[in-house]
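K.L.:
If you want the building blocks of each chain, they are given just below.
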Amino acid sequence: MSSETNKILTTDGIPLEESLKKAEKKNKIKAFLLVAPLLLFLIITYVFPIGDMLFRSVDDRMVTNMLPKTFKAMEKWDGKELPDEEVFEAFYFDYKKLVEEKTFGKLATQLNYEKNGFKSILKKLKRKMKKFEEGNYKEQIMGVHKRWANVEYWRALKRRTPAYTYSKYLKGVDMYENEDGKIVQVPEDRRVHKILWVRTIEVAFFVTVLCFLMAYPIAHLLATLPMKYSNLLMICVLLPFWTSLLVRTASWMILLQQQGIVNDFFVWIGLVSDDNRPEMMYNKTGTYVAMTQILLPFMVLPLYSVMKTISPSLMRAGKSLGGTPFVAFWKVYFPLTIPGIGAGCLLVFILAIGYYITPALVGGASGTLISNQIAYHMKSTLDWSFASAMGLMLLTGVLVIYWIYNKLVGVDNIKLG
Amino acid sequence: MSKNSEFVKFDKVDKSYDGKVLVVKDLNLDISEGEFITMLGPSGSGKTTCLMMLAGFETPTNGEIYLDSNPISNIPPHKRGIGMVFQNYALFPHMTVYENLAFPLKVRKIAKDEIDKKVDKALSMVSLTGFENRMPGQLSGGQQQRVAVARALVFDPAVVLMDEPLGALDKNLRESMQYEIKHIHESIGVTVVYVTHDQGEALTMSNRIAVFNDGKVQQLSSPDKLYEEPVNSFVAEFIGENNTFQGEVSDISNGKCKVKLKEGEIVANPINVKSKGDKTTVSIRPERALINPTKKLDNNYKGKIEEIIYHGDHTRVRLNVLGNSEFILKVPNSSQNLDIKLGNIIDISWNSADARALDPK
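Protein chains in written order, with the working numbering: chain A, 1 to 417; chain B, 1 to 361.
This is chain A alone, in the form it adopts within the complex (with noise of 0.2 angstroms):
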């Protein structure tokens, strides 16, 4: 009784919330209308993709449809011998329908990422099956090539037995799982990616570090300058910003390439000798160039826009406080730039970790990065399973930096203008 009594109602008899709650649905509803549009788009574009992405890169039901019987009979094989009869036969007949509906290929190719050399073999069996007699599978298969009498062949077969496996992710770190069910490394000579992760990471972090030593000092100018000034030295930094990726790119190869631009004045100054041209492209160096370069508005304007909020008389007033320039600057102006920094090279580094087009163009062999071996995957080898379990690595880790800067710094801090 109490309660409803104490209930505020307005100067009609409604209690007040309820009429609040009425007057604020109209609201509610336009907002959510005007966002709809947005949301179904990302749901669409980013959302989905990713959900995709990441079954697909865990998703082996193809393969565990193709050979159901196989599967099967394989459950009793311990992997350490070749397998028996009971195996053989199921797999042949397994094959056989495939090969009727014509689908074999597919498997070949699914295989074949497992073990090189499977395809063919594959291929050879389709060729020789149709004489097969029945009985004794085991003795007329492993006539057909010699790899089918070879235990690692059957044994990258079973490891295609589950529906789902997180086996690309492994490989995506150059591991594998092997007849024990250990998980170790592959073969020293063939681990590829590892290097790249590390390079990745590498690259990302001095292009960081580099955009950072380079925009700072930029910012402080274009913070500090009167506004004629500041606008001018503002188009400079914008400038490529608005031009073509690729062009800049294409730039860069024109300035760095060993009969280019840049080599040409070392020579003419006499820094290196004609016949010693160093190289700037095609490598690590390339790559460092250009995408520092490319990359530098990003970490320029972050901390020009906190730049610009910083008084200057906090400065004079470090100084006016016995603060030498130095302590002036490190105790009261570097530390108000933090939030700046923090957006600036959160932003570099997880563009830079995933960039493209310019290691593709300027980096060569040494100077690619993981983005490039999951385009690879993606058109080359058409492993897409493999290609989406190494971006959802890569999308994790910047996660994971994400993460780590929110403990450290805190997302509340990033001022990103």
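Hint data in this document are derived by calculation from the structure and do not stem from the laboratory. Heads up, the beta-carbon is just placed ideally off N, CA and C, and yes, glycines get one too. Take the hints with a grain of salt, since some may be wrong.
Stated by the list, open to error - Simulated restraints on C-beta separations: (1) 307/B x 30/A: 41 to 47 angstroms; (2) 221/A x 241/B: 44 to 50 angstroms; (3) 245/A x 109/B: 50 to 56 angstroms; (4) 221/A x 14/B: 41 to 47 angstroms.
What the hints assert, rightly or not - Here are some chain A residues pointing at chain B (derived, C-beta under 7 angstroms): (5) 31; (6) 250; (7) 319; (8) 324; (9) 332.
Starting from the known structure of chain A, fit chain B onto it as the hints suggest.
P.N.:
Chain B in isolation, oriented as in the chain A frame:
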């Protein structure tokens, strides 16, 4: 201990930013130790530039500034040991109140317990004890102002500069801060150079006021002298209210002069006029002109009331006297019954000593 009367000395200081216009022209100014001196002037008069030159953020184009007899033009700001309170306080927003106050002590490598003592003392001086761990953003404008004052004083500087420190505060707070700063100055005896464009602030707080205009000190004197005895018409106009008559000296003798106006003639006190025929502006403070005086004064005229504005404690009456329809009178709001009604003609008088014949405008 005798006080140094030339503790801070501006010696023939010129300052120009662009090589074309002099912002400060031939400034000569001596400030004695422990003095509270205010630089007062309209914006663009060069007062802040003088302060910045003293602080070391601007260098004089010509001339020299001496601090305790040492030339300081070549000493960088951080070695001058001058405290400064900035217009917008300039508190370090990422440091607590304690850290803000400890900053000047830390850079001087003072021991931790000594710092604690000094910070405590400075905070209690501005009655902010207990606010050590607040961030500047959590303080009100008045509190930030006090922290800024405490920070400028905590390292015992010989001189403290204040650049319109009360400009951002509301009227009531500004007035109470004026007294507070004045009391702090009295209790610790530091030399204060204060810049403001608010004449009320200057009059209440200072020992001496330097009125700046057009890059020059127009008058340097104590607040009462400045108000009562302005030396030129700019000062008379700038400080307080002022009734003026433009005219020409028709006679000058015995420390009095007669000034011929368009309509009539008044007897005035010759300040800036030397001889017959000089053009002059005669300045009379509103409160020095009396209505129906009991005593006989040497200037007696009739005026017509044109406007009455009620101000609470007093009433402002605009009269037409001797052809000047902008003549303002201040009538205290007392029980005295004067016949102040629109359109009435009343008798007004003033003493010739209060009518100062200054330079023409």
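K.L.:
Confirm or reject each hint.
P.N.:
Checked hints:
1. 307/B x 30/A: 41 to 47 angstroms: 55 angstroms Cβ-Cβ, so the 41 to 47 angstroms window is violated.
2. 221/A x 241/B: 44 to 50 angstroms: With Cβ atoms ~49 angstroms apart, the hint holds.
3. 245/A x 109/B: 50 to 56 angstroms: Because 52 angstroms falls inside the window, the suggested range holds.
4. 221/A x 14/B: 41 to 47 angstroms: Violated: the Cβ-Cβ distance is about 30 angstroms, outside 41 to 47 angstroms.
5. 31: violated (31 angstroms)
6. 250: violated (44 angstroms)
7. 319: Holds, about 4 angstroms.
8. 324: Constraint on residue 324/A satisfied, holds at 6 angstroms.
9. 332: holds (6 angstroms)
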